[in-house]
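**Student:** Sequence:
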Amino acid sequence: MKEPKVLQVIENKPIAAGIYSLELYHHALCEEVLPGQFFHIKCGGDKFPLLRRPISLSYTKREKGAVVLIYRVQGQGTEFLSSRRPGDSLDVLGPLGSGFEVNRQYERVAIVGGGIGIAPLVELAGIYGDRAAVFAGYRDETFLLKELQERSADVRAATEDGSFGYGGFVTDLLLQYLKEQRTDMVFACGPKPMLKTVAKICRENSVGCQVSLEERMACGVGACLGCSCAVNERDGSLQYKRVCKDGPVFRAEEVCWDE
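In this text, residue positions in the sequence shown follow our numbering: the first is 1, and each later residue adds one.
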């Protein structure tokens with residue numbers, strides 16, 4: 001069992017409407033954390049304790065010994081986080097969960113994010129660099145494009161309202177890309193309907209796919225079973241796995257998308 005750590009806030013700022021970038025100092029975590037893993041952060045004070053909130057790694061700043069987490073303010077817990085200032089301390093458990101399986105032999109990968117699901121993919125984009133085509137989908141306002149463009153020369157954005165980049169769904173861009181470009185693996189994170197479509201596109205184009213699932217979590221360590229999801233076992237049976245412990249990253253073909 002991992003022990004909580006006390007991390008100092010370096011920076012905590014809004015980067016889009018209701019979306020914040022939280023930078024925490026802890027040099028050792030930069031070397032330990034994997035893309036796709038998350039941290040469980042204690043929210044509220046002793047008088048008003050709240051459940052910890054799971055927030056995925058977005059990217060590391062190794063030269064500063066910092067990890068950067070991106071979160072959306074929606075509820076008391078993240079409202080508390082948004083009020084933290086540089087110099088404040090946070091009780092942090094992690095890194096937790098299984099990250100993306102990185103194969104540095106891949107010659108070409110596609111990275112697909114939707115909404116706040118773009119955030120956990122930035123570190124992965126840095127690992128693959130110009131071997132990655134990055135697809136970022138937004139409803140309207142964009143964020144993290146600069147960070148993605150610093151890591152990959154091929155970043156494509158889609159907005160559902162047509163205000164920036166391609167007007168439509170980010171999965172449209174992925175489908176067109178896979179028809180034109182041989183790809184070793186697709187990595188994706190975002191809303192479940194988007195991930196279901198990504199999984200279908202990859203299956204029909206015979207491309208491997210890893211997905212990071214977004215689920216509400218309570219304990220974060222697999223004890224409460226509150227974040228279970230249905231998966232297909234190799235023998236054809238249906239089992240339930242814990243997103244916080246067995247995931248949040250799964251092979252797309254494992255996930256039972258209709259459950």
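Treat the hints with caution; some may be incorrect.
[Said to hold, decoys possible] Taking lysine to aspartate or glutamate pairs in the DMTMM-like style, the calculated list, with each CA pair at most 20 Å apart, reads:
#, residue 1, residue 2
1, K42, E3
2, K42, D88
3, K192, E160
[Said to hold, decoys possible] With beta-carbon atoms standing in for the labels, derived distance ranges:
#, residue 1, residue 2, range
4, E150, D88, 26 to 32 Å
5, A17, D91, 33 to 39 Å
6, P193, I15, 23 to 29 Å
7, F164, K200, 40 to 46 Å
8, L238, K200, 26 to 32 Å
9, G167, D88, 27 to 33 Å
Hints were generated in silico from the structure; no laboratory data involved.
Cβ atoms here follow ideal geometry from the backbone N, Cα and C, with glycine treated the same way.
**Student:** It remains to establish, for every hint, whether it holds in the given structure.
**Tutor:** Hint check results:
1. K42 / E3: holds, 13 Å
2. K42 / D88: The hint holds at about 13 Å.
3. K192 / E160: holds, 17 Å
4. E150 / D88: 26 to 32 Å: At roughly 28 Å between Cβ atoms, D88 and E150 fall inside 26 to 32 Å, so the hint holds.
5. A17 / D91: 33 to 39 Å: violated, 28 Å
6. P193 / I15: 23 to 29 Å: The hinted range 23 to 29 Å holds for P193 and I15, with Cβ atoms some 24 Å apart.
7. F164 / K200: 40 to 46 Å: violated, 26 Å
8. L238 / K200: 26 to 32 Å: violated, 19 Å
9. G167 / D88: 27 to 33 Å: The hinted range 27 to 33 Å is violated for G167 and D88, with Cβ atoms some 41 Å apart.
Going down the numbered hints, you'll see the structure goes against 5, 7, 8 and 9, while the others check out.
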